[in-house]
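Enquirer: What follows is each chain in one-letter form.
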Amino acid sequence: SQKIEQNSEALNIQEGKTATLTCNYTNYSPAYLQWYRQDPGRGPVFLLLIRENEKEKRKERLKVTFDTTLKQSLFHITASQPADSATYLCALPNTGFQKLVFGTGTRLLVSP
Amino acid sequence: NAGVTQTPKFQVLKTGQSMTLQCAQDMNHNSMYWYRQDPGMGLRLIYYSASEGTTDKGEVPNGYNVSRLNKREFSLRLESAAPSQTSVYFCASSQTGGAGGNQPQHFGDGTRLSIL
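In the order they appear, the protein sequences are chains D and G.
Note that our numbering has the first sequence beginning at 4, numbered continuously upward.
Note that our numbering has the second sequence beginning at 150, numbered continuously upward.
Just so you know, these hints were derived from the structure itself, not from any lab.
There's no promise every hint is true.
A few chain D residues facing chain G, derived, Cβ under 7 Å [as the list claims (entries may be wrong)]:
1. Ala-13
2. Tyr-31
3. Tyr-35
4. Pro-43
5. Lys-66
6. Phe-105
Each residue gets a CB set at the ideal place from its N, CA and C atoms; glycine is no exception.
Using the sequences and the hints, build the whole thing.
Expert: Okay, here's the thing in structure tokens:
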């Protein structure tokens with residue numbers, strides 16, 4: 004089955020810098036990949052979906068890339084703000100598209 | 150706009166007790182899901198309902214049952230609670246596609262369940 008690796012260590016950056024989070028997956032390459040944001044005590048909130056034929060996708064200060072050769076997606080937040088502090092999850096379908104598999108997430112801390 | 154509403158928000162049970170977690174969505178979505186989230190484990194799918202009238206097992210269905218009451222509501226039942234079921238439970242919905250569909254999922258804010 005599909006396995007996802009996200010850095011379990013928190014990423015600490017200063018306000019204004021670009022945050023880059025990594026999502027690596029094993030086994031087959033999915034047709035698409037999703038990114039979610041989760042705040043403490045809240046449910047995940049959908050941010051972006053990128054398809055395998057889209058190398059890059061942008062939404063405001065967010066940018067996601069999808070490299071099927073490296074089996075990796077990168078999630079960038081430019082001009083980061085303290086309000087961007089949260090845990091970011093990547094998710095993709097497993098073999099046979101029977102379920103969406105979520106990574107354990109990476110916690111981002113943006114300091115003023 | 151409420152989105153996905155889960156009740157209760159918190160619950161403490163004794164081993165062997167039963168309870169039902171409620172979930173309702175107001176987005177006219179076809180598919181609904183139940184996940185549990187444990188530290189270091191990520192979100193794991195318990196059951197899902199691709200459309201009204203259908204339910205299917207996810208990754209960790211043992212000890213749980215579900216009911217898709219109508220298009221809006223999807224409940225999760227613990228018949229005989231065990232300490233291993235202590236977790237945060239999330240309900241989610243999406244427009245179409247079943248558990249692996251290429252649709253964004255919309256989550257509720259969870260039920261924090263402790264079983265002593």
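Enquirer: Failing hints, ascending?
Expert: 1, 2, 4 and 5
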